[in-house]
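Novice: Here is what each chain is made of, one letter per residue.
Protein chains: 2
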Amino acid sequence: MARVVVDVMLKPEILDPQGQAVANALPRLGVAGVEAVRIGKRIEIDFTGEADLDKAQEIADKLLANPVIEDFTIRVEESEA
Amino acid sequence: MARVVVDVMLKPEILDPQGQAVANALPRLGVAGVEAVRIGKRIEIDFTGEADLDKAQEIADKLLANPVIEDFTIRVEESEA
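Same order as they appear, the protein sequences are chains A and B. If you're matching positions, the first sequence starts at 1 in UniProt numbering and goes up one per residue. If you're matching positions, the second sequence starts at 1 in UniProt numbering and goes up one per residue.
Just chain A, same shape as in the assembly (with noise of 0.2 Å):
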């Protein structure tokens, strides 16, 4: 089984409001020194034989990421095992 990861993150200028209240509730929690949080989403596909990068953006372009709004970078997940 081999494992690839799409990251996707809002782009930069779009704001991220989930993030920012994070961020915004570290002063309460006595968290000091970050300058910014931001939220986004990690897919993980398993493949049943090889990973395969090229099915992978495929599916991240149409299914998983909002070109609009969103990046998003693949990898391939060294196995544990």
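Please note: incorrect hints may appear among the correct ones.
[Unchecked claim] Listed next, the in silico BS3-like pairs over lysine-lysine satisfying Cα-Cα at most 25 Å (straight line): (1) A:K41 - A:K62; (2) B:K41 - A:K62; (3) A:K41 - B:K41; (4) A:K41 - B:K62; (5) B:K41 - A:K55; (6) A:K62 - B:K62; (7) A:K55 - A:K11; (8) A:K11 - B:K41; (9) B:K62 - A:K55.
[As the list claims (entries may be wrong)] Among chain B residues calculated to face chain A with C-beta under 8 Å, some are: (10) E35; (11) I43; (12) K55.
[As the list claims (entries may be wrong)] Incomplete in silico selection of chain B near chain A, CB under 8 Å: (13) M1; (14) E13; (15) I14; (16) P17; (17) Q20; (18) A25; (19) R38; (20) G40; (21) K41; (22) R42; (23) D46; (24) F47; (25) D52; (26) K62.
In case anyone wonders, no lab produced these hints; they're calculated from the structure. Bear in mind the structure is a predicted one, so any value in this text is a computation, not a measurement. Glycine included, every Cβ here is placed at the ideal spot set by N, Cα and C.
Got chain A sorted already, so can you dock chain B onto it with the hints?
Specialist: Chain B in isolation, oriented as in the chain A frame:
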């Protein structure tokens, strides 16, 4: 600036309907060979100074993950600059 990345995924025994929906859509796209898709969160925490894994752990524990249904991993992301 140093960045810590927190990956939050549902525990393996917890059903992931969102990932299942993507997996079910793949045959319609003509994509075969995918065994499973799981969707979680990726959180980027930018520190003003040094990356602080202890702080990131505290943030993840208290704000980012629900320990009943989610696992998380924390790592420092190497800067591309």
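Novice: Tell me the hint numbers this structure goes against, listed in increasing order.
Specialist: Hints 6, 9, 14, 15, 16, 17 are the ones this structure does not satisfy, whereas the remaining hints hold.
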